[in-house]
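For the record, the sequence lines run as chains A and B. The numbers in my numbering rise by one with no breaks, and the one at position 24 of the first sequence is 24. The numbers in my numbering rise by one with no breaks, and the one at position 212 of the second sequence is 1212.
Just so you know, these hints were derived from the structure itself, not from any lab. From the three backbone atoms N, C-alpha and C, an ideal C-beta is built for every residue, glycine too. Don't take every hint at face value.
[Said to hold, decoys possible] Facing chain B, from chain A, some residues (calculated, C-beta under 8 angstroms): (1) Val16; (2) Thr18; (3) Arg19; (4) Ala20; (5) Val76.
[Unchecked claim] Restraint ranges, calculated between C-beta atoms of paired labels, are given here: (6) B:Arg1157 - A:Gln75: 55 to 65 angstroms; (7) A:Gln22 - B:Leu1078: 46 to 56 angstroms; (8) B:Glu1171 - A:Arg98: 50 to 60 angstroms.
[Claimed, not checked] Covered, in the sense of this in silico footprint (three residues per stretch, anywhere, with C-beta under 8 angstroms from a C-beta of chain B), are these stretches of chain A: (9) 41-49; (10) 52-61; (11) 87-93; (12) 110-116.
As a plain string of letters, each chain reads:
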Amino acid sequence: MSHILLIEPNTLLATVYTRALQHAGHSVARVTGAQAGIDAADRRRPDIVITELHLPQHSGIEFLHEFRSYAEWQQVPIVLNTALTGTQVAPVMQALHRDLGIREILYKPRTSLQDLVRVAREHALAA
Amino acid sequence: MDVSDSTEGVRADSLLLSVAEHLKVPLTTIARQAELGQLTGQVELTDAAAIRVQANAALTLVDSYLLGLELMNRHADLQLEPVSVSSTLNDAAHDLERFANYYQVQLEVEVGGRFGPVMSHPQGLRAALLSLGFALVEAQAAQDMRGPRRVTLATHRTPLGIVAGVYGHYEALSAERWRAALGLAGKARQPITSLMPGSGAGLFVADAILRSMDTRLRVGRYLKQSGLAATLQPSRQLAFV
């Protein structure tokens, strides 16, 4: 199955996501912040990235710009799983899709584990 | 409604937005934890203790917020009384212990010397330290860092009074950033990115409670750690505790 880079600042929530994704057969590299995300992707290229936009020390947007600046990661599917609502994301929606190639934006409080696993599988397969 | 005449204080409506934004995280964690056992067919993967820890932290924040509102409304005639800081720190640490364990953060209490009680509101001081503790434990767990994660609840004497605070390894925390965060609370999604990814509600609730007691949170250092702390005035009354 796929190798997923999961960037989730809340470690308890990250543990739950990791278990669900591993149960679906994926391997997961789990980190809490942007720099650790870049380091993890360096160690092993992810098939898909699932990230929050609210990250400590750096914003998720900064992470996305840096991640996409590396040629080898420009085609890696990225899914946002964020606590930001649609209206909060709206001002940057165009940039997220057009400039940063975000495949899908999930509203974290309303996204079940089942949906997260399904979305990960679909985008990993499409890649 | 400001908690003091200072424009730096977070308004009650901004505080509510900040709390509401924060509560999404523990409630999402609880919902997804409950789902995990069903999804995998392995009931043991649903960690009931983790659910309890998250629910308790969320309820504590709500209680602290409500107490903060009450104290803000009673600010003009709030009665302060002698309170033992070291006992309050120990009580707060006891309540934080399980939460910290779950976030793999080592919790310590350090009382720098012996001193008498301070003038404060006992429930308010405890709620402020607890709120601050929950926020800074979560912030410590989210830091990109190697090595053990440690949070210290500490008190020590300075020429200005008795300082009580919560400290850890927060490299990017500064007085300027904290001041800016107070202005952004409830307005920005991440008012203090240098410290934590979320709304920082616990910090602002703690600050609001302390302001109702005529003090406030400031960035401080304890040994080699940095954090947020308040200066409390020693009680001139005879100390019984």
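### Task
Please flag the earlier hints that this structure goes against, numbers listed from lowest up.
Failing hints, ascending: 2, 5, 8, 9 and 11.
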